[in-house]
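Protein chains: 2
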Amino acid sequence: MQYPAPIAKLINSFTKLPGIGSKTAARLAFYVLDMPERDVLEFAQNLINVKRELTYCSVCGNITDSDPCPICQDPGRSHKEILVVEDARDVMSMERMQEYNGLYHVLHGVLSPMEGTGPDDLNIASLIKRLEDPTIEEVIIATNATAEGEATAMYLARLIKPAGIKVTRLAHGLAVGSDIEYADEMTLYRAIEGRREL
Amino acid sequence: MQYPAPIAKLINSFTKLPGIGSKTAARLAFYVLDMPERDVLEFAQNLINVKRELTYCSVCGNITDSDPCPICQDPGRSHKEILVVEDARDVMSMERMQEYNGLYHVLHGVLSPMEGTGPDDLNIASLIKRLEDPTIEEVIIATNATAEGEATAMYLARLIKPAGIKVTRLAHGLAVGSDIEYADEMTLYRAIEGRREL
Chain E
1 MQYPAPIAKL INSFTKLPGI GSKTAARLAF YVLDMPERDV LEFAQNLINV KRELTYCSVC
61 GNITDSDPCP ICQDPGRSHK EILVVEDARD VMSMERMQEY NGLYHVLHGV LSPMEGTGPD
121 DLNIASLIKR LEDPTIEEVI IATNATAEGE ATAMYLARLI KPAGIKVTRL AHGLAVGSDI
181 EYADEMTLYR AIEGRREL
Chain V
1 MQYPAPIAKL INSFTKLPGI GSKTAARLAF YVLDMPERDV LEFAQNLINV KRELTYCSVC
61 GNITDSDPCP ICQDPGRSHK EILVVEDARD VMSMERMQEY NGLYHVLHGV LSPMEGTGPD
121 DLNIASLIKR LEDPTIEEVI IATNATAEGE ATAMYLARLI KPAGIKVTRL AHGLAVGSDI
181 EYADEMTLYR AIEGRREL
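Residue numbers (our numbering), protein chains in the order written: chain E, 1 to 198; chain V, 1 to 198.
There's no promise every hint is true.
Stated by the list, open to error - From chain E, some residues computed to sit far from chain V (all C-beta separations above 12 Å): (1) Asp39; (2) Leu47; (3) Cys69; (4) Pro70; (5) Pro134; (6) Ser178; (7) Met186; (8) Gly194.
Claimed, not checked - Here are the simulated lysine to any residue pairs, SDA-like style, with alpha carbons at most 20 Å apart: (9) E:Lys9 / V:Thr187; (10) V:Lys9 / E:Leu54; (11) E:Lys80 / E:Ile165; (12) V:Lys9 / E:Thr168; (13) E:Lys80 / E:Gly102; (14) E:Lys16 / V:Ala157; (15) V:Lys9 / E:Glu115; (16) E:Lys161 / E:Glu138; (17) E:Lys9 / V:Leu41; (18) V:Lys16 / E:Glu95; (19) V:Lys166 / V:Asp133; (20) E:Lys16 / V:Tyr31; (21) E:Lys16 / V:Gly19; (22) E:Lys129 / E:Glu95; (23) E:Lys9 / V:Lys23; (24) E:Lys80 / E:Pro18; (25) E:Lys9 / V:Gly109; (26) E:Lys9 / V:Glu42; (27) E:Lys16 / V:Gln45; (28) V:Lys23 / E:Met94; (29) E:Lys9 / V:Lys166; (30) E:Lys9 / V:Glu53; (31) V:Lys16 / E:Thr24; (32) E:Lys80 / E:Glu138; (33) V:Lys23 / E:Glu138; (34) V:Lys16 / E:Pro18; (35) V:Lys16 / E:Gly116; (36) E:Lys23 / V:Gly109; (37) V:Lys23 / E:Glu95; (38) V:Lys23 / E:Glu86; (39) E:Lys23 / V:Pro18; (40) E:Lys129 / E:Thr146.
Honestly, the hints are just simulated from the structure, not real lab data. The structure displayed is predicted, hence computed values, not measured ones. Positions of the beta carbon are idealized from the N, C-alpha and C atoms, including for glycine.
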């Protein structure tokens, strides 16, 4: 005996999400069965709305419900710096800090020969186009500190520097509040390498 | 800056699911954004269908798309035994074994004074009603081997035995393929207590 068709189909939909295996999917599907109908209808509507109402900003590639996005259109922000991130969630992390007041550019991934992601698969052409604007003085590369993130940063730096624009990279080192004892070798190396005079 | 409204709402819907915190919910919501529209619409429809098309069997309490459920209606199954489980997923586990050919009864929970779940909150009254049928010879209690599961089993046994119906409980002991070295004390105790002559 199999699960009744409606629940089997919902389990199947849940397993398409990242990090959700068949056991978790079954648990979630059964939970939905017991949820108030109002919450389930809202959930279904929210899924559809995310696909229908959100789009990527044609300027920076961030997700937005208006194009260009509120950040690109904000006259209160500095238009001199562009901070380049891998993914729209990174923009949210930066904004939560409430210290950066420039613009963003979302690559939607990183260079990865293993997965066949080359420069043309990323949102790079539109970044180069934005740099034609003489207002821009600095590009801050904030890709993750992974092998792919580093390679992407290097690639962008080589591409942008010849245009005479300053290219910087986020500092790497010990996380604030972390213990040296538990830091990995790469992080310690970066912390030593990037040491600053007091 | 907050997430755009549609994504914030979807994140909120995901956090209502068990075991999904705000970080995971954000990851899932962003993943949905990149899923093919067809898959998302199907997901939304599956959510709604689970609520609309599924119901609980009025006889045994199992989930079903027809009432009574296919198991209760199956003339090929033995109507002499009723196996009592906590939850509809347990029925699926038993069916996967393909060895049990009797009927089921789903309690939808266990007695739990801590959570305020008493006998009236469980699907017990309808079980007692089913036992009026003289065909039934045995009730097999298959609640989990937790404190609440044991207490529920004990409660049901005391309730049913006076009617002259045989009440049994699933055997507890070492899992097949497991190592004695890693078994907990309770499991070992149950394995010794329930030892069988060879």
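Okay, the hints, checked on the actual structure:
no.: 1; hint: Asp39; result: 6 Å, violated
no.: 2; hint: Leu47; result: 5 Å, violated
no.: 3; hint: Cys69; result: 9 Å, violated
no.: 4; hint: Pro70; result: 7 Å, violated
no.: 5; hint: Pro134; result: 27 Å, holds
no.: 6; hint: Ser178; result: 19 Å, holds
no.: 7; hint: Met186; result: 24 Å, holds
no.: 8; hint: Gly194; result: 28 Å, holds
no.: 9; hint: E:Lys9 / V:Thr187; result: 37 Å, violated
no.: 10; hint: V:Lys9 / E:Leu54; result: 12 Å, holds
no.: 11; hint: E:Lys80 / E:Ile165; result: 11 Å, holds
no.: 12; hint: V:Lys9 / E:Thr168; result: 35 Å, violated
no.: 13; hint: E:Lys80 / E:Gly102; result: 7 Å, holds
no.: 14; hint: E:Lys16 / V:Ala157; result: 43 Å, violated
no.: 15; hint: V:Lys9 / E:Glu115; result: 32 Å, violated
no.: 16; hint: E:Lys161 / E:Glu138; result: 10 Å, holds
no.: 17; hint: E:Lys9 / V:Leu41; result: 13 Å, holds
no.: 18; hint: V:Lys16 / E:Glu95; result: 25 Å, violated
no.: 19; hint: V:Lys166 / V:Asp133; result: 14 Å, holds
no.: 20; hint: E:Lys16 / V:Tyr31; result: 10 Å, holds
no.: 21; hint: E:Lys16 / V:Gly19; result: 17 Å, holds
no.: 22; hint: E:Lys129 / E:Glu95; result: 24 Å, violated
no.: 23; hint: E:Lys9 / V:Lys23; result: 26 Å, violated
no.: 24; hint: E:Lys80 / E:Pro18; result: 37 Å, violated
no.: 25; hint: E:Lys9 / V:Gly109; result: 25 Å, violated
no.: 26; hint: E:Lys9 / V:Glu42; result: 9 Å, holds
no.: 27; hint: E:Lys16 / V:Gln45; result: 15 Å, holds
no.: 28; hint: V:Lys23 / E:Met94; result: 15 Å, holds
no.: 29; hint: E:Lys9 / V:Lys166; result: 39 Å, violated
no.: 30; hint: E:Lys9 / V:Glu53; result: 12 Å, holds
no.: 31; hint: V:Lys16 / E:Thr24; result: 15 Å, holds
no.: 32; hint: E:Lys80 / E:Glu138; result: 6 Å, holds
no.: 33; hint: V:Lys23 / E:Glu138; result: 31 Å, violated
no.: 34; hint: V:Lys16 / E:Pro18; result: 17 Å, holds
no.: 35; hint: V:Lys16 / E:Gly116; result: 36 Å, violated
no.: 36; hint: E:Lys23 / V:Gly109; result: 19 Å, holds
no.: 37; hint: V:Lys23 / E:Glu95; result: 16 Å, holds
no.: 38; hint: V:Lys23 / E:Glu86; result: 17 Å, holds
no.: 39; hint: E:Lys23 / V:Pro18; result: 13 Å, holds
no.: 40; hint: E:Lys129 / E:Thr146; result: 26 Å, violated
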